[in-house]
Amino acid sequence: MGHRTPLFAEHARLGARIVPFGGWDMPLHYGSQIEEHLAVRSQAGIFDVSHMRTLDITGNRARDLLRRLLANDVARLREPGKALYSCMLSERGGVLDDLIVYFRGPDSYRVVVNAATADKDLAWMRTQAQGQDVAIQPRTDLAMIAIQGPEARRRAAPHLPLELREPALALQPFFGVDDRDWFVARTGYTGEDGFEILLPADQAAGLWRALVAGGVVPCGLGARDTLRLEAGMNLYGQDMDEDTNPLESGLDWTLAWEPPDRDFIGREALEALRTAGGLSHLVGLLLTGPGVLRAHQKVLVAGKEVGITTSGGYAPTLRRSIALARLEPDIELASGDPCEVDIRGKPTAARLVKPPFARQGTIRIDLD
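Just so you know, we're using this note's numbering here: the sequence shown kicks off at 1045 and counts up by one.
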């Protein structure tokens, strides 16, 4: 038995199929993964993301620590509540984790890391913080609920504390606002608008039940994965990991090279790789033949293996199968070019596309 979030009893009550994920017992779906996916694209769905680890980082050297730990630069965060997406790298440039960091005020930041890497991340951060005036506090007293979809913010607002309702609705994308132990951010992992809400663990079930009673669809890990794949968002452990770097994972946009004297961990290795060239690269694939794309399938051109899929599946919004794939260095294929994917020993027609596949309820690629 894995760890259980404060909402586990709610998932059981709703008849969710429970599966192990990152050391936690989590809902895969509540009946129909496709219906959950489409509810988020068209209306609103909620996800229990309490397995994610929230860390509050405070102290006189908190900013300096994060500027060294993260490949993106927290010095860009000047307004309270502003969020930043970043990778945290090893010395050789591999991705230890991807995360979101929120600026809460001078010497105060909130970081949300992945469940499967949380213990490793915390140990790494504390090692790097040794001897500095920094406190790193895991917020195990908080639960986290994501409500996503075009109607998500409108449906969530009446259930927030009164003091947060107007400020939350006024948030710009990638900003957050808090009131005591509640924190509401206009962020997500689905390609749709919405909130991610941190709140006291003992209040999570009440919010969950109120949203479900109001018609918001409960969604599991399955829909979360197909939504993020359609949105072209990487999944840690599949599309990037310690053995890959941001330059070959479609995440070069998260690297803050300026100012040149910021010595973030992994910078030297990445600069050497960038100078040397010859890096593999992440692309999108649309299956045009029969079958379903999955991770770890060979990508072929003229019968020769040129890459491998990292994530794949049926995309309910597109009604087609899609994937992210890492192509070998010097493979010069452009969006629209044909290729094949080895599906159970059978080369199946596909073509390259540029992610995202779908966001904000809209298909972003040409299906013809």
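Just so you know, the hints here were simulated from the structure itself, not pulled from any lab data. Where a beta carbon is used, it is the ideal one built from N, C-alpha and C, also for glycine. Any given hint might turn out to be false.
Claimed, not checked - Here are the computed lysine-lysine pairs in the DSS-like style, where the Cα-Cα straight-line distance is at most 25 Å: (1) Lys1342 x Lys1390; (2) Lys1348 x Lys1390; (3) Lys1398 x Lys1342; (4) Lys1398 x Lys1348.
As the list claims (entries may be wrong) - If you anchor each label on the Cβ, the simulated ranges turn out as follows: (5) Leu1206 x Gly1380: 43 to 53 Å; (6) Gly1380 x Pro1244: 47 to 57 Å; (7) Asp1163 x Ile1375: 49 to 59 Å; (8) Pro1064 x Leu1206: 17 to 27 Å; (9) Leu1206 x Ala1313: 41 to 51 Å; (10) Met1045 x Val1256: 17 to 27 Å; (11) Leu1213 x Lys1348: 26 to 36 Å.
### Message
Please check whether proline 1064 and leucine 1206 have a Cβ separation lying inside 17 to 27 Å.
### Response
For leucine 1206 against proline 1064, whose Cβ atoms are near 39 Å apart, the range 17 to 27 Å is violated.
### Query
Quick one, are lysine 1342 and lysine 1390 close enough, alpha carbons at most 25 Å?
holds (10 Å)
### Query
Should the hint that aspartate 1163 and isoleucine 1375 are 49 to 59 Å apart at their CB atoms be regarded as holding?
With Cβ atoms ~37 Å apart, the hint is violated.
#### Entry: leucine 1213 paired with lysine 1348, Cβ distance criterion 26 to 36 Å
violated (53 Å)
### Message
If I claimed the Cβ atoms of leucine 1206 and glycine 1380 lie 43 to 53 Å apart, would that claim hold in this structure?
### Response
holds (52 Å)
### Message
Tell me if the beta carbons of methionine 1045 and valine 1256 are separated by a distance inside 17 to 27 Å.
### Response
About 25 Å separates the Cβ atoms of methionine 1045 and valine 1256, which means 17 to 27 Å holds.
### Distance restraint between lysine 1398 and lysine 1348, which requires alpha-carbon spacing of 25 Å or less
holds (22 Å)
### Query
In this structure, is the beta-carbon distance linking leucine 1206 and alanine 1313 contained in 41 to 51 Å?
holds (50 Å)
### Query
Taking 25 Å as the top limit, are the C-alpha atoms of lysine 1398 and lysine 1342 close enough?
With Cα atoms ~19 Å apart, lysine 1398 and lysine 1342 stay inside 25 Å; holds.
### Task
With respect to the beta-carbon atoms only, verify the hint that glycine 1380 and proline 1244 lie 47 to 57 Å apart.
holds (50 Å)
### Query
When you check the alpha-carbon spacing of lysine 1348 and lysine 1390, does it fall within 25 Å?
holds (13 Å)
Going through the hint list in order, the structure does not satisfy hints 7, 8, 11.
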